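Residue numbers (our numbering), protein chains in the order written: chain S, 256 to 368; chain Y, 46 to 155.
It is worth saying that the hints were derived from the structure and are not from the lab. Errors might be hidden in some of the hints.
To be verified - Below, computed lysine-lysine pairings styled on PhoX-like, alpha-carbon distance capped at 25 Å:
1) S:K295 / Y:K114
2) S:K307 / S:K277
3) Y:K142 / S:K291
To be verified - Computed footprint of chain S on chain Y, listed as stretches where at least three residues anywhere in the stretch have a Cβ under 8 Å from a Cβ of chain S:
4) 86-93
5) 141-155
Stated by the list, open to error - Taking beta-carbon pairs under 10 Å as the criterion, some of the chain S residues facing chain Y (in silico):
6) Q261
7) V303
8) N305
9) C346
10) S349
11) F359
12) G360
13) P361
Predicted, not measured: the structure shown is a model, and the values here were computed from it. We put the beta carbon where it would ideally sit given N, CA and C, even for glycine.
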Amino acid sequence: ETGVTQTPRHLVMGMTNKKSLKCEQHLGHNAMYWYKQSAKKPLELMFVYNFKEQTENNSVPSRFSPECPNSSHLFLHLHTLQPEDSALYLCASSQGTAQDTQYFGPGTRLTVL
Amino acid sequence: EDQVTQSPEALRLQEGESSSLNCSYTVSGLRGLFWYRQDPGKGPEFLFTLYSAGEEKEKERLKATLTKKESFLHITAPKPEDSATYLCAVRSGGYNKLIFGAGTRLAVHP
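Okay, chain S solo, but in the shape it has when bound:
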């Protein structure tokens, strides 16, 4: 595996389900990010982790819960989502959080019924 990978690529869930999105980076980076991309809207930053520590929470509802066990892995735990949470969820990584380019994974297409 190279670059940034995300699983699953597609996910359909009911409003009462609990599911998790997984991201893994194979670039040796120290910072990881979650973004949300809704139809015809700009990418929105959700969370930033640097060396496993959360450094940014962009006013995200508590039904989204991130977890970063190490610098290579990032999870987004989902529970009691709403239909408006349907979107493409993108993971990115960068060497650090100062001046470094962010590299994106392919995304997870989430549909909430």
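Dock chain Y against chain S, hints included.
Below, chain Y without anything else, positioned relative to chain S:
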């Protein structure tokens, strides 16, 4: 408030017809302007970073330029494989926080 506006929203070109995409920005202290390309169903692919007014970068048929208020992505003699959504983002703040525009959907027809 930091803001990025891209225009046009969509652009249709004939193969070989050169054009430019615009990214206007308002940010308190620019610490980098980024261009990405995004194909349907995929994540954004990094193209360029520009840091200061007057800077230019090129890659194949693409050239990115930067002024104090906007950036242009010039596409010379485009091919159908250049069809994608092009995203512009600016970096602002202490951490690596990117503010994205809504993108320009480019379609190049043979």
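Numbered hints the structure breaks, given as an ascending list: Of the numbered hints, all hold.
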